[in-house]
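Participant: The primary structure of each chain is shown beneath.
There are 2 protein chains.
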Amino acid sequence: MKMSEGVEWALHTCVNLSWTDPGDAVPAARLAEVFSLPTAYLSKHLQALARAGILISTTGPRGGFRLGRDPASITLLDVVTAIEGPEDAFRCRQILKDGPGGRPDVDYRRTCTISQAMRKAELAWRTALAEQTIADVRRTVEQRDPTAPEATRERLR
Amino acid sequence: MKMSEGVEWALHTCVNLSWTDPGDAVPAARLAEVFSLPTAYLSKHLQALARAGILISTTGPRGGFRLGRDPASITLLDVVTAIEGPEDAFRCRQILKDGPGGRPDVDYRRTCTISQAMRKAELAWRTALAEQTIADVRRTVEQRDPTAPEATRERLR
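Line by line, the protein sequences are chains A and B.
Heads up: the first sequence at position 140 corresponds to 140 in the UniProt record's numbering, and the numbers run straight through without jumps.
Heads up: the second sequence at position 44 corresponds to 44 in the UniProt record's numbering, and the numbers run straight through without jumps.
One thing to keep in mind: the hints can contain errors.
One copy or two, it doesn't matter: identical chains are merged, so the pair holds either way.
Once the Cα atoms are required to be at most 16 Å apart in a straight line, the calculated EDC-like pairs of lysine to aspartate or glutamate come out as [as the list claims (entries may be wrong)]: (1) Lys120 x Asp136; (2) Lys2 x Glu122; (3) Lys97 x Asp145; (4) Lys97 x Asp136; (5) Lys44 x Glu5; (6) Lys2 x Glu87; (7) Lys44 x Glu154; (8) Lys2 x Asp98; (9) Lys97 x Asp24; (10) Lys120 x Glu87; (11) Lys97 x Glu122; (12) Lys120 x Asp88.
Rather than coming from a laboratory, the hints here were simulated on the basis of the structure.
Note that this is a predicted model, so its numbers are computed, not measured.
Make a model of the complete structure from these sequences and hints.
Facilitator: Written out as C-alpha cells, the structure is:
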C-alpha cells in the first residue's frame with residue numbers, strides 16, 4: 001500500500017506558498033523548480049489542490065498558484081484527501097455475503113466486525129492527520145531553520 | 001491509496017480458523033470455498049500469513065492451514081503487515097535534498113517535519129490496528145451471531 005508521491009510534493013508546496021507574500025501567485029514551473037520536480041506532473045496535483053479549495057489558481061502574465069485559505073485552516077488530511085481521494089485504504093468487498101448465513105440485503109460494509117475494526121484504525125489515522133495543519137508544520141520548520149522562509153521566498157520570486 | 005483485497009480475505013480466514021478444532025488443518029480450497037474466493041490467489045495470501053507465523057502450513061492428506069498461535073496474540077496489525085509489508089504508505093522521497101539549502105548528507109526521512117508529521121499519523125493507524133486482535137473480533141462476532149462458530153465449523157469440515 002503506497003501513497004502517491006504527489007502527497008509529499010503537495011505538502012511541501014503548501015508550506016512553501018505559505019511563505020510567499022499574500023496575494024502573490026507562483027507559476028507551477030517555479031514551484032516545481034524548487035525541488036527539481038517534473039512541472040507537468042506537479043501541475044496535475046496543484047490542480048487537485050485547487051479543486052479542493054486549498055490553492056487558488058489564476059491565469060495571465062502574473063498568474064499561478066497561491067494558498068486558498070489560511071495555513072492554520074489547511075490540515076494534512078485536507079491535502080492527503082485532495083490528492084488521494086476520500087476513500088478508505090481498506091475497501092470492504094463484503095465477502096460475508098457469500099459466507100455461511102450471508103444475506104444479500106445486508107450492507108456488510110457497515111455491519112461486519114472486521115470492516116468496523118479496520119475503519120476504526122483508519123479513523124485514528126485521519127484524526128491524526130486532521131490535527132496537524134500547514135501552519136503547524138511551518139512553525140516547526142521555522143523553529144529549526146529560521147532561514148527557510150527567506151530562502152524559499154527568494155527561490156519562488 | 002488502496003489496500004490489497006487479501007487483507008479482508010486474510011482477516012476473515014483467521015477468524016474462521018479460530019473456530020476450528022485446535023490442531024485441525026484446513027485445505028486452502030476449503031477456506032476459499034467459504035467465501036467463494038479464488039483458491040490460488042487466497043493461497044498466496046495464506047502463505048504470506050504462514051511466513052509471518054500467523055498460520056502454520058502442513059502438507060499431506062490431512063494437510064492445510066491452521067492458526068500458528070493464540071487468536072489473542074494475533075493483532076490486526078500482524079495480519080495487515082503480513083499481507084501489505086511493513087513499509088509506511090507515505091514514503092518520503094527526501095525532496096528537501098533538492099530544495100533551498102538541501103544537504104546531500106542529511107537523511108530527511110528522519111529530519112523533515114512533513115515526514116515526521118505523516119509518520120505520526122501512520123503510527124496512530126498502526127497503534128489502532130495493534131490494539132485489536134483476532135480474539136477481539138471473534139468475541140464481537142459471537143456476541144452478535146452466536147450461530148457463527150458452528151456454521152463456520154460445518155463449512156470448513
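Participant: Could you tell me which of the hints above the structure violates, numbers in ascending order?
Facilitator: Checked against the structure, the hints that fail are numbers 4, 7, 8, 9, 11, while the rest are satisfied.
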